[in-house]
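Q: Work out the full structure: start from the sequences and follow the hints.
As given, the protein sequences belong to chains S and F, one line each in that order. End of the first sequence sits at 181 in my numbering; the numbers just go up one at a time, nothing left out. End of the second sequence sits at 288 in my numbering; the numbers just go up one at a time, nothing left out.
Zero decoy hints are in this set.
Derived coverage of chain S by chain F (criterion: at least 3 residues anywhere in the stretch with Cβ under 8 Å from a Cβ of chain F; other residues may be distant):
1. 60-72
2. 98-111
3. 170-176
Derived SDA-like pairs: lysine to any residue, alpha-carbon spacing no greater than 25 Å straight-line:
4. F:K175 x S:F179
5. F:K272 x F:V172
6. S:K146 x F:T147
7. S:K107 x F:K191
8. F:K214 x F:G236
9. F:K191 x S:Q81
10. F:K145 x S:L78
11. F:K145 x S:L178
12. F:K200 x F:H248
13. F:K175 x S:F69
14. S:K146 x F:D143
Quick caveat, the hints were computed from the structure, so don't treat them as lab data. All residues carry an ideal CB built from backbone N, CA and C; glycine is no exception.
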Amino acid sequence: MKKNTKILLLFIVIGGLVGGSIGLYLWFKPVPGIESLETQLTVPANDLFLAYEADENAANEKYLNKVVEVTGLVREVKTNEAGFPVVVLETDDMMFGVICEFESKNPLPRDVQVGALITIKGLCNGKLLDVVLNRCLFIN
Amino acid sequence: MKNFFLLALLLAGSLSVSAQTKFMTRTGTVNFVAEGPVKDDVKATNNQAACVLDGATGEVMFQIAIKSFVFKKALMQEHFNENYMESHKFPKAVLKGKVMDFAKIDLTKDGKYNVEIAGEMEMHGVKKQVREKGMLEVKGGKVILHSDFKVALADYSIAIPKIVEDKIAKEADVSLHMELAATAAK
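A: Here it is, written out as C-alpha cells:
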C-alpha cells in the first residue's frame, strides 16, 4: 500500500471514531441541569402572570422556553404526586399564580414558606391555569 | 337599583353553589411511551397537567404544557419539541369534554367507576373528537381520574421522518393520572 493511501485510511478511521464519539455523546447527553443554564429574563411573578393574562401569544414570544428568574411571595408549598416539590407564587389573581416544579426531589430550604419572598429560576413552559415553570431551582 | 342588587345577590348565590362543586389539580401526571420496534427509551413524563372537573355537570378540561414533558436524553427532548410537537407554535394540548353518564356517579361517597370521557382534543394545532375509557375514583373527598389510551401521531399531523421510523411508534401510549381536590374555582 502506498504511504498516501495509508495516511488517508488512518484519517478516515480517526475521523470516523471522533465523529462517532461526538454523535454518541450528543445522543446520550442527558438533559442539562438548570444550574448550568444562564438566566435570560428576570421578572416579578405578578408581572409574568399579567403578561400572560393580557396577551398569551405575546407573552409566549417573550417567555416561552426561556430561563427566567421569578420573584414573588409564596402562596403554597406542596409535593406533587411524582414526589417533586412545587411552589405557587402569589399574583393579583385570587386563584392562580406562577407554579414552579423543582428539578430535584431534595427538600426545599427552610426559607421557602408560605408568605416568604423568594426568587426561583426555572424554564417557562407557558400558561395553563397558572403560568407554568419546571426544572426549578431556589435562588434566594 | 333594588332589582339590580337582587339580581347580583341571586347570581352570587348561584355562583357559590356551583363553585363548591369544582374539582381541580395543577400537578396531574401524564406519561407517554412511543417506543418503536427498535427500543430507545422514547418516553417522557409531565407532572404539571391541569385538570378541572365540574362536579355538577361532569364537564372536564385537561390542559398540558408540551414543554413540561421531561425526557432522559436532551436531544430527544429537543427533537420532540422542535420537530414533532413544534411546541414553540403549539405550546399546549387541551382536552375539553364530558364524563359520560355522570349522573350515575356519587361524588359524596367513596367508590370506583369505569367511565368514558368524550370531547374534543386539540394538539399540535389539530382538533379532533375523542372518546376514551378511564377510571374515576372518589376517595376521601378527592376525585382521581385515570386513563390509559393511545394517540395516533398521524391524527395530529405529527410527522416522523423516515430515518427514525423504526425508533418511534406510530401510536403513543398515553397515561393520565389526576388527583383532583374540591375547590372554590371560578
